[in-house]
Amino acid sequence: MSEISSAIKALCEEKNLDYKAVIEAVELALAAAYRKDYGERNQNIKVKFDPESGKSKVFDVKTVVENLPAEEEAEMLKNLYNPEPTPRENFQERYNQRVDEENNEESEEEKEKFNPKTNIQLKEAMILKMGAKVGDELKLDLAIPESYGRMAAQTAKQVIIQKIREMERDMILAEFKDKEHEVVSGVVQRREGRFVFVDLGKAIGLMPMEEQVRTERYEAGDRVKVYIKEVREGHKGPEIILSRRSEEILKKVFYLEIPEIANGLVEIKAVAREAGSRSKVAIWTDEENVDPVGSCVGQRGSRVQTIISELGGEKIDIIEYNENPVKFIANSLAPAKVLSIELNEEENKASVKVASDKLSLAIGKAGQNVRLAARLTGWKIDIIEALEDGEEVKVIGSDEDGVPEIINEEILTTNNIKEGAEESIVENKEENKKEAKEEK
13 MSEISSAIKA
23 LCEEKNLDYK
33 AVIEAVELAL
43 AAAYRKDYGE
53 RNQNIKVKFD
63 PESGKSKVFD
73 VKTVVENLPA
83 EEEAEMLKNL
93 YNPEPTPREN
103 FQERYNQRVD
113 EENNEESEEE
123 KEKFNPKTNI
133 QLKEAMILKM
143 GAKVGDELKL
153 DLAIPESYGR
163 MAAQTAKQVI
173 IQKIREMERD
183 MILAEFKDKE
193 HEVVSGVVQR
203 REGRFVFVDL
213 GKAIGLMPME
223 EQVRTERYEA
233 GDRVKVYIKE
243 VREGHKGPEI
253 ILSRRSEEIL
263 KKVFYLEIPE
273 IANGLVEIKA
283 VAREAGSRSK
293 VAIWTDEENV
303 DPVGSCVGQR
313 GSRVQTIISE
323 LGGEKIDIIE
333 YNENPVKFIA
343 NSLAPAKVLS
353 IELNEEENKA
363 SVKVASDKLS
373 LAIGKAGQNV
383 RLAARLTGWK
393 IDIIEALEDG
403 EEVKVIGSDE
413 DGVPEIINEE
423 ILTTNNIKEG
433 AEESIVENKE
443 ENKKEAKEEK
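In terms of our numbering, the sequence shown is residues 13 to 452.
If you are wondering where the hints come from, they were derived from the structure by calculation, not from laboratory data. Any given hint might turn out to be false.
Straight-line Cα separation of at most 16 Å, EDC-like style, residue types lysine to aspartate or glutamate; simulated pairs [what the hints assert, rightly or not]:
{"no.": "1", "residue 1": "Lys237", "residue 2": "Glu326"}
{"no.": "2", "residue 1": "Lys214", "residue 2": "Glu180"}
{"no.": "3", "residue 1": "Lys48", "residue 2": "Glu158"}
{"no.": "4", "residue 1": "Lys241", "residue 2": "Glu222"}
{"no.": "5", "residue 1": "Lys241", "residue 2": "Glu259"}
{"no.": "6", "residue 1": "Lys27", "residue 2": "Glu136"}
{"no.": "7", "residue 1": "Lys145", "residue 2": "Glu78"}
{"no.": "8", "residue 1": "Lys32", "residue 2": "Asp62"}
{"no.": "9", "residue 1": "Lys365", "residue 2": "Glu403"}
{"no.": "10", "residue 1": "Lys27", "residue 2": "Glu245"}
{"no.": "11", "residue 1": "Lys281", "residue 2": "Glu326"}
{"no.": "12", "residue 1": "Lys263", "residue 2": "Glu322"}
{"no.": "13", "residue 1": "Lys191", "residue 2": "Glu149"}
{"no.": "14", "residue 1": "Lys264", "residue 2": "Glu251"}
{"no.": "15", "residue 1": "Lys191", "residue 2": "Glu260"}
{"no.": "16", "residue 1": "Lys60", "residue 2": "Glu39"}
{"no.": "17", "residue 1": "Lys169", "residue 2": "Glu39"}
{"no.": "18", "residue 1": "Lys129", "residue 2": "Glu149"}
{"no.": "19", "residue 1": "Lys151", "residue 2": "Glu136"}
{"no.": "20", "residue 1": "Lys191", "residue 2": "Glu204"}
{"no.": "21", "residue 1": "Lys67", "residue 2": "Glu39"}
{"no.": "22", "residue 1": "Lys21", "residue 2": "Glu36"}
{"no.": "23", "residue 1": "Lys67", "residue 2": "Glu180"}
{"no.": "24", "residue 1": "Lys327", "residue 2": "Glu194"}
{"no.": "25", "residue 1": "Lys264", "residue 2": "Glu158"}
{"no.": "26", "residue 1": "Lys21", "residue 2": "Asp62"}
Working from the sequences, and respecting the hints, build out all of it.
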């Protein structure tokens, strides 16, 4: 094995690149170098490189096309030998033009027209090769130079570097595009302003502020599970947008920590999450001998505690799913006990009556319990207080988007709802409206 071949294989192993693709990059670089020092106008230069011997062959490659009509041929010859002067271009434009020529990326219109650089008329091809036919590819041998000039070598170096970077970008983009909307593990690399950069192994992912959990601190070296929200092409390469707020992270942790969910005995039906604070998970099973809630909680809460630790202390309510919406809504408002539930299917609304002493539990701190229950069940939920004298007072209602909102401010204070409920519901109203619209 030659030194050149060994160096190329070492490069491929280091950067996980395809060997043939790197050889093609070297051939493009040699073609660009040859064109720089020895090329002539309208030559379509291609190079065949042998990494074992380190030698190369240079060709002018033409495709045989039909003979042009006399008028078109005269016009072509006129443009060929008396080209119109072109304005001086800047370096970047010339560089981009050279790259386009190397890649031979021509539009369909250009391919339909006769191009003296890549095409040769049948009558001319017949002189060079007996029996040439339209569509044949002619490879005309060119003299192999003993050495290249400094500028040509610099051009070759730039082409190789550019091609290797393009291959790395394409490889990363393809690999992580397949993992889009999945949960992966990574290591926090650094924080820059409002952004956290996470090392995913072959690439660095970006977690913006709006996808971070406010209660979490991301320190360099911390291992975290992240949700790949989007993979897109950026100016400097692929951009991998990550999230820690996604409900998919919660589902993934359940799959990893609870064998009954991993093997399909227990199914996650719905998830409602306020990242860093509280989540509700609806689970279900059709196996009579399996307790879905007990399976997730574990002995003395061992399984659910592991999940809570993985999510940085986020509280988790495990709810048993029921096809009967009345029972499902009642379960979702746990730990509060409800007196009755009336459904309005036309408006997709549920009116839930609770006793005065259970009102604070039903609403939850800052209205969180009823808000999560509404998102978990997909029903708009009104909370109605049933007083001892038989009267009923609506305390929490749902707006047109299904987001819980305050109806009776006086009841909130007289029933000793925890401080901050009114303020937090108002603060979170717009954010929850946006989430409700996105879910729809």
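Okay, the hints, checked on the actual structure:
| no. | hint | verdict |
| --- | --- | --- |
| 1 | Lys237 with Glu326 | holds, 14 Å |
| 2 | Lys214 with Glu180 | holds, 10 Å |
| 3 | Lys48 with Glu158 | holds, 14 Å |
| 4 | Lys241 with Glu222 | holds, 12 Å |
| 5 | Lys241 with Glu259 | holds, 11 Å |
| 6 | Lys27 with Glu136 | violated, 46 Å |
| 7 | Lys145 with Glu78 | holds, 9 Å |
| 8 | Lys32 with Asp62 | holds, 11 Å |
| 9 | Lys365 with Glu403 | holds, 11 Å |
| 10 | Lys27 with Glu245 | violated, 20 Å |
| 11 | Lys281 with Glu326 | violated, 20 Å |
| 12 | Lys263 with Glu322 | holds, 12 Å |
| 13 | Lys191 with Glu149 | violated, 41 Å |
| 14 | Lys264 with Glu251 | violated, 23 Å |
| 15 | Lys191 with Glu260 | holds, 13 Å |
| 16 | Lys60 with Glu39 | holds, 6 Å |
| 17 | Lys169 with Glu39 | holds, 12 Å |
| 18 | Lys129 with Glu149 | holds, 13 Å |
| 19 | Lys151 with Glu136 | holds, 14 Å |
| 20 | Lys191 with Glu204 | violated, 25 Å |
| 21 | Lys67 with Glu39 | holds, 11 Å |
| 22 | Lys21 with Glu36 | holds, 13 Å |
| 23 | Lys67 with Glu180 | violated, 27 Å |
| 24 | Lys327 with Glu194 | violated, 23 Å |
| 25 | Lys264 with Glu158 | violated, 61 Å |
| 26 | Lys21 with Asp62 | holds, 14 Å |
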